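2 protein chains.
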Amino acid sequence: MKKTFLLILSAYTLLSASPLIKTAKDAGLKAIPNSKAELLKLIDNKNNPITKEKVALGYKLFMDPRLSQSGVISCNFCHNLGLGGVDGVEAAIGHKWAKNPHNLNSPTVYNAVFASSQFWDGRDKDLEAQAQGPIQAPPEMAATKEHVLAVVNSIPEYKNSFNKIYSDQKISFKRVADVIAVFERTLVTPSRFDKFLNGDDKALKTKEKLGLKTFIDKGCVSCHNSYALGGEMQGFALIAPYKYASKGDFKGDKNGLVKVPTLRNITKTAPYFHNGAIKTLDEAIAEMGRIQLGITLNKNEVSNIKTFLKSLDGDIPKLDVVELPASSATTPLPNN
Amino acid sequence: MKKTFLLILSAYTLLSASPLIKTAKDAGLKAIPNSKAELLKLIDNKNNPITKEKVALGYKLFMDPRLSQSGVISCNFCHNLGLGGVDGVEAAIGHKWAKNPHNLNSPTVYNAVFASSQFWDGRDKDLEAQAQGPIQAPPEMAATKEHVLAVVNSIPEYKNSFNKIYSDQKISFKRVADVIAVFERTLVTPSRFDKFLNGDDKALKTKEKLGLKTFIDKGCVSCHNSYALGGEMQGFALIAPYKYASKGDFKGDKNGLVKVPTLRNITKTAPYFHNGAIKTLDEAIAEMGRIQLGITLNKNEVSNIKTFLKSLDGDIPKLDVVELPASSATTPLPNN
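Protein sequences appear in the order of chains A and B.
Our numbering puts the first residue of the first sequence at 61, with every later residue one more than the last.
Our numbering puts the first residue of the second sequence at 61, with every later residue one more than the last.
If you're looking for bench data, these hints aren't it; they were derived computationally from the structure.
All figures in this text were calculated on a predicted structure; none of them were measured in a lab.
Glycine included, C-beta positions come from ideal geometry on N, C-alpha and C.
Check the hints yourself; a few may be wrong.
Lysine to any residue pairs mimicking SDA-like chemistry, simulated, CA-CA at most 25 Å apart [unchecked claim]:
#  : chain 1 : residue 1 : chain 2 : residue 2
1  : A       : Lys378    : B       : Pro385
2  : A       : Lys159    : B       : Lys314
3  : A       : Lys378    : B       : Lys359
4  : A       : Lys96     : B       : Glu383
5  : B       : Lys205    : B       : Asn220
6  : A       : Lys255    : B       : Asp375
7  : A       : Lys156    : B       : Lys265
8  : A       : Lys378    : B       : Lys370
9  : B       : Lys307    : A       : Asn395
10 : B       : Lys265    : A       : Lys224
11 : B       : Lys185    : B       : Lys359
12 : A       : Lys219    : B       : Lys370
13 : B       : Lys265    : A       : Asn396
14 : A       : Lys307    : B       : Lys265
15 : A       : Lys370    : B       : Pro385
16 : A       : Lys224    : A       : Asn105
17 : B       : Lys359    : A       : Ser388
18 : B       : Lys366    : A       : Thr390
To list a few chain A residues with every Cβ distance to chain B over 10 Å, as calculated [to be verified]:
#  : residue
19 : Ala116
20 : Leu141
21 : Gly142
22 : Lys159
23 : Pro199
24 : Ser227
25 : Arg252
26 : Lys303
27 : Thr327
28 : Ala330
29 : Ser387
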């Protein structure tokens, strides 16, 4: 009987769904599932399954500046969970105030799980691989694998947590990154847009629907689609040159492709584009139209699209303020 | 009848209290009150009363790196709420990786409300005055008052929060600091030691009581007393020279006095002393005995005192991970 009820409910949802929901889905937009089990399936990695224990430990490691060589830069420094998962500056700042050598802007960690690859040049296939990068990169956290392992092994709570998670009692740098990646996989921010796409026609206001329609009709959706409204590699500025191309030397991957940023929480992740040269969403939308679609979006169209994008502001996961375990006498001293 | 019951309870508590509780109180140690109302009275500032709204806004401002000139350094960067309220490094690191020019170690923000003055040289009388300092100090957050006000005024949520708190609708730099200070006033961490001092004889283990006795008998309590087990100005290294005196040029206030650090959460706030030159609690205890009390504490005594100090690890306030409001088109661009 329960099954029948669900079937009827699904049919009802389908029938009652506004034509725009169908249009959006046909255009490739996908909703974050309502169901926890479905979401878990979507964000999980079979080679590094999500567990409560890994999420809890990963959160601490993500927030812990002691993993860095200097002792003051955590993952959260550039991917600030309170600031939309970014640092809010043009180019990332890291170890000894180094700026990102390619003038690259820190992408948000929220919903990064939905991207088909990681980094602006898509060089890593998943968060597990990605998490190994910035910890070691000299202009970011500048740590060696040995330093990270020495820190983790010197802090009894961390050691015990790893030993509970991995029954072979082996702690490796890869596993530190794996556990951080599991935490990051859970950083998903469902919004009113998902409610809408999941069948609740009233979840978006008329103006937002108009914006969504413009977003689809103008072709933004051809790159900004699927769960993240982004996350794939695409050609960049093929139609017209990007007006701030001179800021930095980034040219994309070996084929010149660039990762399409997610549009979720885009109101919180200024400045925009790979080199953070664009300060406002209005300018970002107009510039995208010009260099990617070869069109001039008028003020109204920009405003409509922006109104839609605001509906992608999601609910960030509820977390307690982190309490990191104390260092011990064997914790490596910071070098800064 | 309720009153009678409470009187009987108080009498019972007094009678049943171990002699050590009386000794500790007579020596000047004070417990964080159990009663919320009593605690509120203790941590409040009549000129800047604590309200729920100020605490909520102050938490956000405390965590917000946009108040700094660079956009990446928040109060939390040096006073990390997840790391015992400190940064864990020898000397504070700030704007453009400047180290504290006097090689001063960041004091913990937890229980700072109990100190009779703020900063290592005690130059500010309260947290309201203190909070104005690091935001503007060139080697810390390096912001001007104008920058801070421009940021706050550019973010509608902040502006609205201030306007709800202050009915005259005036936002000033002083008020930004005041609101941050109110949040900081609530960062109090009651521990098992307070339970003990409040009459629960079983809250401390036998070894911890032995440590407390040693702590009192040897004279540590003569400077480390009251609510914070510290927080007053005292002479430093008057009996013997401090062995790491050469690290930095700090000489105390105009009378050579130095603020006594709180011992609450001391296991989490390494490295120790004003210049962060001492890495372990054992060495810190021994050195204190030598230069402040003119005694050599043997290994056993150091260990006993350390065991007691661990009982001062307190419960940090339960907070949700902060979600900062988005910047707007008028938010000043970071300069870094």
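The hints, checked one at a time:
no.	hint	verdict
1	A/Lys378 x B/Pro385	holds, 16 Å
2	A/Lys159 x B/Lys314	violated, 40 Å
3	A/Lys378 x B/Lys359	violated, 45 Å
4	A/Lys96 x B/Glu383	holds, 23 Å
5	B/Lys205 x B/Asn220	holds, 19 Å
6	A/Lys255 x B/Asp375	violated, 39 Å
7	A/Lys156 x B/Lys265	violated, 45 Å
8	A/Lys378 x B/Lys370	violated, 30 Å
9	B/Lys307 x A/Asn395	holds, 16 Å
10	B/Lys265 x A/Lys224	violated, 28 Å
11	B/Lys185 x B/Lys359	violated, 38 Å
12	A/Lys219 x B/Lys370	holds, 20 Å
13	B/Lys265 x A/Asn396	violated, 39 Å
14	A/Lys307 x B/Lys265	violated, 62 Å
15	A/Lys370 x B/Pro385	holds, 13 Å
16	A/Lys224 x A/Asn105	holds, 19 Å
17	B/Lys359 x A/Ser388	holds, 18 Å
18	B/Lys366 x A/Thr390	holds, 17 Å
19	Ala116	holds, 13 Å
20	Leu141	violated, 6 Å
21	Gly142	violated, 4 Å
22	Lys159	violated, 8 Å
23	Pro199	holds, 12 Å
24	Ser227	holds, 28 Å
25	Arg252	holds, 16 Å
26	Lys303	holds, 17 Å
27	Thr327	violated, 5 Å
28	Ala330	violated, 6 Å
29	Ser387	violated, 6 Å
Consistency note: the structure conflicts with the earlier hints numbered 2, 3, 6, 7, 8, 10, 11, 13, 14, 20, 21, 22, 27, 28, 29.
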